[in-house]
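Start from the sequences, fold in the hints, and give me the full structure.
Residue numbers (our numbering), protein chains in the order written: chain W, 1 to 384; chain P, 1001 to 1384.
Treat the hints as calculated values from the structure; they're not laboratory data. All C-beta atoms, glycine included, are put in the ideal place defined by N, C-alpha and C. One should not assume that every hint holds.
[Claimed, not checked] Which bits of chain W does chain P cover? Going by a derived footprint, with three or more residues having C-beta under 8 Å, they are:
hint, segment
1, 79-88
2, 302-312
3, 336-349
There are 2 protein chains.
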Amino acid sequence: MAWAFAGTMTFHFNRHSGEADGPRLGTLHTNRGEVQTPAFMPVATRGLMRGPWHSQLRPMGVDMMLANAFHLFVRPGVETVQKLGGVHGMMGWDGPVLTDSGGFQAFSLSSKTKVTEQGFKMQNPVQGGWIDWTPAFAFEVQAGLAPDIAMILDVCPAKPLDETICKNAIATTLRWAKEQRDLHDARGGVDSGQAQFGIVQGGVFGDLRESCAKGLVELDFDGYAVGGVSVGEGFHAMMAGVENSTPFLPVDKIRYLMGVGTPLDLVESVARGIDIFDCVWPMRAGRFATAITNQGKLHLLNAQFTNDTSPIEPGCPCDACISGIPRGALRAGFKSKELLPSMMVAQHNLFFIENLMRRIREAIRDGSFETLRAEIVSAYPMPS
Amino acid sequence: MAWAFAGTMTFHFNRHSGEADGPRLGTLHTNRGEVQTPAFMPVATRGLMRGPWHSQLRPMGVDMMLANAFHLFVRPGVETVQKLGGVHGMMGWDGPVLTDSGGFQAFSLSSKTKVTEQGFKMQNPVQGGWIDWTPAFAFEVQAGLAPDIAMILDVCPAKPLDETICKNAIATTLRWAKEQRDLHDARGGVDSGQAQFGIVQGGVFGDLRESCAKGLVELDFDGYAVGGVSVGEGFHAMMAGVENSTPFLPVDKIRYLMGVGTPLDLVESVARGIDIFDCVWPMRAGRFATAITNQGKLHLLNAQFTNDTSPIEPGCPCDACISGIPRGALRAGFKSKELLPSMMVAQHNLFFIENLMRRIREAIRDGSFETLRAEIVSAYPMPS
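Take a look at the structure:
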């Protein structure tokens, strides 16, 4: 069964529960190849991975990468990215790429951001001065960078627990969404070679999430993201944010949960009808010596690993685990600030997450998703 | 034609000029496999490479790796290295390994070292306090770490231009050499599974080099190194140091020029009868954005590379050059302190050097060494 996604890009379900909010198995068809969903996109903020080599990504099952429009605008700039062959040329990656719009940077760099009705004023972290990062500008920058999927510029509320702030954030997000949707149409929609995704905000408030989702769906985006999660609200509030968003999104459009990536969060979000994810956490945790394994997280700097001859995760077939370099050597290397342990554990963690997505896809296909879900929840328990 | 090296380790010449100081083509046979010479050993000071993954080494032609006994003693310590399977187990490397003795660290960390008649007092860079790094202790540490080749502890004079200092340095070096040679014999010599190399010192003084070499040869080491070079004396004085050492070394023992590594230095030292090398420079230069190419060094941070879509070196088949990530993207990444460009250019540079060694071996074999030498000198001119 297949649903038209839009224009030259289509999203097919191979199997799903028939309900809007159950686990979904799909294939996103793009001009640059397929993405098997549920899928996890590794984050190359400035176009480069921080851990694995790009050549290690395909073999571990990565179909699509993520980069950040704001950071690429700041350096090396749109003109240079274009001269280097667009984001794909710059990244040496011929598969699909999604760029984030910079809305999250307005949140994460909020001490250096001013919000106005027209957009963000964001401090240039390289050259100083201020950038007028408006919805139209974020659209233009992404049109120039030429990813396969561009995100709309939204307002990610810094205080997801404050109802007035969230209400204002979705009002602005919807106004900006309309503006960017019109620009997308004027450019030819997805036939331009670039899809555009709307982003549901609303913090922890169900009615705001519903209202934002419905407003975006009226604008008919090529896909939808759930944003403003994983910003400190906690696991259960985050899941509520997903549950309050997905039922109001069309079943036949792809759904992206932004900035999510622990094994628990991934499996629980798939259970609630999410198709694609991105997150810096797996690789960042690895660079700081935390390994993601089927037995939970291992903090490799712990003294217990001093003389440990095991690989990061026994039985794991990833490049780091088959290297023969044991945990004890990685621990010593981390303590000496060597570079290779960071790269290797980051690579292992991404491999773990990509392999988890593969297992999730297989489990949805063969009907064993709940078994896998229970296994992950056991290794990565839900906070009370 | 083959010469016995010693015990279970032998060094065969496949072809050489018949003179002590011409280019030599050989094979070092060890318990852990062969090393085709002339060879370049990449440096894993603390057991880990700073750039390529260890899995990238064999395919680029690396037969033998180098680690540092002093640094491994400091962290993780001999006992831990032993529990991790010796240096080989720790490094995930089943080929031969050579460890340096810490003599160079006494020079490079000289502000934290005191020289006595009995050995060095060296500050522990991790735990503080002082380590009595004596010849006997350097021997024991290396016996414990279990590399295939151990270097004697020597005195590398901090002022290679001061004759009195150099004279005293070789006197101490020879006395310590005798002490360590006796310990090696007592342990069973090379049949212990570990070879021991003497190190010729003498700074820029030909008579001191000759005297030190002859003194070492009387002790009959398994192999010989030329040390105390590449410490600021300049190219021509360094070559004089080699020329003043090799004629006094036996033709049938392997010769190792310590800490040397530019394309020019390698080709010119092979021309003077050196068999093996190590150097941190190729990878360190790469981590700081300098690429080694057949057209000379490229400083990738230069503005001329901003929009450059070429790989690091067009036509190079190394992992970095076939990645599709162009110079312009690497330059932007270096400016943003991203990790991957450092790793990639370090990998390219080591590949270049290992490939140069392969070309040197082929050129010696087919009689075209002088042609290759002229090509390298053209791209990497000798200082006047």
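Of the hints given before, which are not true for this structure? none
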